[in-house]
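J.: Sequence:
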Amino acid sequence: MLVHTAIGTLRAERVGPTDTPVYRILGIPYAHAERFRAPEPVTTDPGDGVVNSGRGQCFPQRLMPGFMNLFLRHFQLRPEWQPRHDIQSEDALRVNVWTSGSDTPKPVLVFIHGGDCGSGTLPIYDGTHLAAQGIVVVTVTYRIGVLGHLHVVDGDRISCDRALLDQQAALRWIKDNISALGGDPERITLMGHCGGAQYALYQALNPDNRGLFHRLILCSGQRATPQPLDADAERKAFARLLADNHLRDYRELAAAPVGRLLRLAQPTMTLSTTMDQPFFRVDPRDVLREGVFPHVPVLVGSTADEFSMIEISGWYRRMGIATSPEEFGRTTVRLYGRWAGPIADALRPESTDLPDLQIKMMELLVFHSAALNLMERLSAHTRVYGYRFEYVPNLYRGLRGAYHGAEVAIFFGNLDRMRIPSTDDNRRAMAVTQRDWLGFVRDGVMPHRPAFDAQARITRYRGDGETIPFPHLELLRELEGTDLAQRVVNAYMSRR
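To convert, note that position 378 of the sequence shown is 378 in the working numbering; the numbers rise steadily by one, no gaps.
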């Protein structure tokens with residue numbers, strides 16, 4: 001069906017089994033960009049005809065064959081995490097909207113997915129269920145992988161992270177246009193998961209973005225900070241990239257077939273987040289240090305089994321995970337130094353075997369310490385709610401536990417999209433999570449939950465939810481002055 005709006009005619013589809021009419025509007029352009037260049041805004045008006053594709057679109061990416069998951073049973077290789085039905089194109093700067101319409105402006109949820117692969121139209125991010133509850137859901141498709149993150153040098157121009165500029169362009173488009181789609185531009189929540197959580201935080205720390213959103217949800221973000229721009233180092237790394245891939249110069253790289261770009265051999269540095277212009281005009285570390293974080297409510301947390309995605313025996317050697325007591329001692333001391341024993345002792349009661357213990361040690365340093373660090377820093381300036389998601393959906397009979405992204409599927413209400421049987425426990429977990437988080441999206445508060453404070457209280461989602469002190473609080477505070485978190489992140493990134 002065609003819907004006529006102030007921003008042009010849109011191709012929409014009525015979706016969902018509910019009595020509330022929900023309309024899915026896919027592929028609305030918010031910007032255009034040449035390869036490795038900054039995005040330029042796209043404007044539309046009623047005279048432009050149909051302005052959106054009505055199809056899912058994503059940037060080019062390599063997908064693992066589906067049959068591999070018959071052996072791996074890895075949740076991120078399942079169909080709901082794969083953009084197999086999207087049109088792959090380098091012209092895919094699009095937003096996707098789920099709305100129930102009406103004349104009453106509704107709260108808006110803007111979702112940024114992780115940055116390695118995927119798109120805003122993955123089935124797990126379908127906004128139908130949330131839109132039926134009076135929320136306008138917007139997902140953002142932006143440049144990923146090499147197209148979004150590869151550091152390139154063209155004369156005097158150094159470009160490191162186009163993805164952040166894409167997301168910023170999308171936020172500006174949403175602020176200016178969401179009222180035409182039933183949304184309230186003064187009640188926008190920005191939500192990100194994994195790398196998307198890190199991006200959402202960077203957007204919040206950018207002074208240019210004040211007023212573009214009014215609440216922030218950060219799910220399973222890692223503890224990483226953007227690196228200062230070192231022009232000489234960037235030029236050397238780019239020269240090495242060209243040489244390793246038998247390319248003469250930037251022009252040949254920019255003109256290469258996209259399939260060749262996806263197969264580039266590249267140093268790790270050429271994909272890290274670096275503070276280049278124009279996005280990082282202000283160092284985000286200074287924003288946190290000086291206490292000028294925007295006064296928007298924040299919900300931040302992690303799941304209990306973030307790294308269950310690598311708990312596959314065939315990957316242990318590649319990931320540096322020991323399987324014998326002797327190897328365990330050497331491996332953990334090498335990575336954690338004198339803290340190997342205290343960390344292992346604290347987590348051993350929660351672990352099933354040696355590989356699981358090492359994975360929980362990684363989770364503590366990569367995800368849980370990042371969540372605590374943000375809670376403690378941000379709660380000094382704004383209202384913060386913390387969570388630990390421990391509910392285990394009956395996926396692979398619970399094999400992956402409360403896996404990375406489990407809370408996203410529960411909040412979006414998309415267990416049906418994951419072909420997970422609906423059970424009373426699943427329905428209760430969704431009802432409790434949605435009650436709390438939709439309250440946050442609507443009003444910036446969770447009336448049934450305490451805000452994070454000096455007592456470090458958070459909400460544990462397991463059953464009906466309960467208030468607990470942040471797990472392993474004292475140990476994490478002792479580790480705060482060390483570089484262990486960054487060392488574990490670096491080790492993981494170098495092996496994945």
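Hints may be right or wrong, so weigh each one.
Unchecked claim - In silico DMTMM-like cross-links for lysine to aspartate or glutamate, where the CA-CA straight-line distance does not exceed 25 Å: (1) 175 / 186; (2) 175 / 356; (3) 236 / 154.
Unchecked claim - Label-pair ranges, simulated between beta-carbon atoms: (4) 20 / 327: 55 to 63 Å; (5) 228 / 20: 28 to 36 Å; (6) 228 / 428: 41 to 49 Å; (7) 50 / 20: 40 to 48 Å; (8) 250 / 394: 44 to 52 Å; (9) 285 / 418: 35 to 43 Å.
These are calculated hints, taken from the structure and not from any lab test.
Just so we're clear, the structure is a prediction, and the values are computed from it rather than from any experiment.
Don't be surprised by glycine CBs; every beta carbon is placed ideally from N, CA and C.
J.: 55 to 63 Å was suggested as the range; check whether the CB atoms of residue 20 and residue 327 agree with it.
T.: holds (56 Å)
J.: Straight-line Cα separation of residue 175 and residue 356 no greater than 25 Å?
T.: violated (44 Å)
J.: State, for the Cβ atoms of residue 228 and residue 428, whether the hinted interval 41 to 49 Å holds or is violated.
T.: Because 47 Å falls inside the window, the suggested range holds.
J.: Do residue 250 and residue 394 keep their Cβ atoms within the hinted range of 44 to 52 Å?
T.: Because 50 Å falls inside the window, the suggested range holds.
J.: For residue 236 and residue 154, compute the direct alpha-carbon distance and say whether it is at most 25 Å.
T.: holds (13 Å)
J.: For the pair supplied as a hint, residue 175 and residue 186, is the alpha-carbon distance within the 25 Å limit?
T.: Distance of about 8 Å is within 25 Å: holds.
J.: Mind checking the hinted window 35 to 43 Å against the Cβ distance between residue 285 and residue 418?
T.: Holds, at about 38 Å.
J.: Return holds or violated for the Cβ distance of residue 228 and residue 20 against the range 28 to 36 Å.
T.: violated (49 Å)
J.: Take a look at whether the Cβ-Cβ distance between residue 50 and residue 20 falls inside 40 to 48 Å.
T.: The hinted range 40 to 48 Å is violated for residue 50 and residue 20, with Cβ atoms some 25 Å apart.
Against the hints set out earlier in the document, violations occur for numbers 2, 5 and 7.
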